[in-house]
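J.: Model the full structure from these sequences, guided by the hints.
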Amino acid sequence: MGSLFNGITALSADDVWVAGQSEYEDGSFLTLTEHFDGTSWSVAPSLDPGSVLDLPNNTFSAISGVSPHTLFAVGRQDIPDPGFCCEAGLAEHSADG
18 MGSLFNGITA LSADDVWVAG QSEYEDGSFL TLTEHFDGTS WSVAPSLDPG SVLDLPNNTF
78 SAISGVSPHT LFAVGRQDIP DPGFCCEAGL AEHSADG
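Residue numbering for the sequence shown follows our numbering, starting at 18 and increasing by one per position.
Hints in this document: simulated from the structure, not taken from any laboratory. You may find that some hints are simply not true.
[What the hints assert, rightly or not] Okay, the calculated beta carbon distance ranges per label pair: (1) I96 - S57: 31 to 39 Å; (2) H86 - E42: 32 to 40 Å; (3) D43 - S84: 36 to 44 Å; (4) A61 - A105: 21 to 29 Å; (5) A79 - C103: 16 to 24 Å; (6) I96 - D54: 31 to 39 Å; (7) C103 - A27: 12 to 20 Å; (8) D31 - C103: 13 to 21 Å; (9) F22 - E104: 16 to 24 Å.
As the structure is a prediction and not an experimental result, all values here were calculated from the model. Ideal Cβ positions, reconstructed from N, Cα and C, are used throughout, including at glycine.
T.: So this is what it looks like as structure tokens:
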């Protein structure tokens, strides 16, 4: 249905990352990360811990690059609790090379 980006980090003009969430037709929200290589954008695999409610509601709020091959993304996941709903922290560390 749509995507929302909440964070961006640029390691160089041809190494830009964004993080946020995608909304699907069933009403679920899943984490989303995309990468710009200087020419085009592509979806990058990201952590999605799945559903703890009827539908997943996961999002990344920020992303930071600390070196050309090391990224951190943080956000939240809705967690059910008797009588009310709360949120849990969600974090992903990605390193290659």
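J.: Compare the structure with each hint and give your call.
T.: We went through each hint and held it up to the structure:
One distance hint, 31 to 39 Å for the beta-carbon pair I96 and S57, holds here, with the actual separation near 36 Å. Roughly 35 Å separates the CB atoms of H86 and E42, a value that falls within the hinted 32 to 40 Å. For D43 and S84, the Cβ-Cβ distance of about 37 Å falls inside the hinted range of 36 to 44 Å, so the restraint holds. The given range of 21 to 29 Å is respected by A61 and A105, whose C-beta atoms sit roughly 23 Å from each other.
Between A79 and C103, the C-beta spacing of about 20 Å keeps the proposed range 16 to 24 Å intact. In this structure the hint that I96 and D54 lie 31 to 39 Å apart at CB holds, the actual value being about 35 Å. Hint check: C103 to A27, Cβ distance near 33 Å, so the stated range 12 to 20 Å is violated. Separated by about 40 Å at the C-beta atoms, D31 and C103 break the suggested range of 13 to 21 Å.
One distance hint, 16 to 24 Å for the beta-carbon pair F22 and E104, holds here, with the actual separation near 19 Å.
In summary, the numbered hints that this structure violates are 7, 8.
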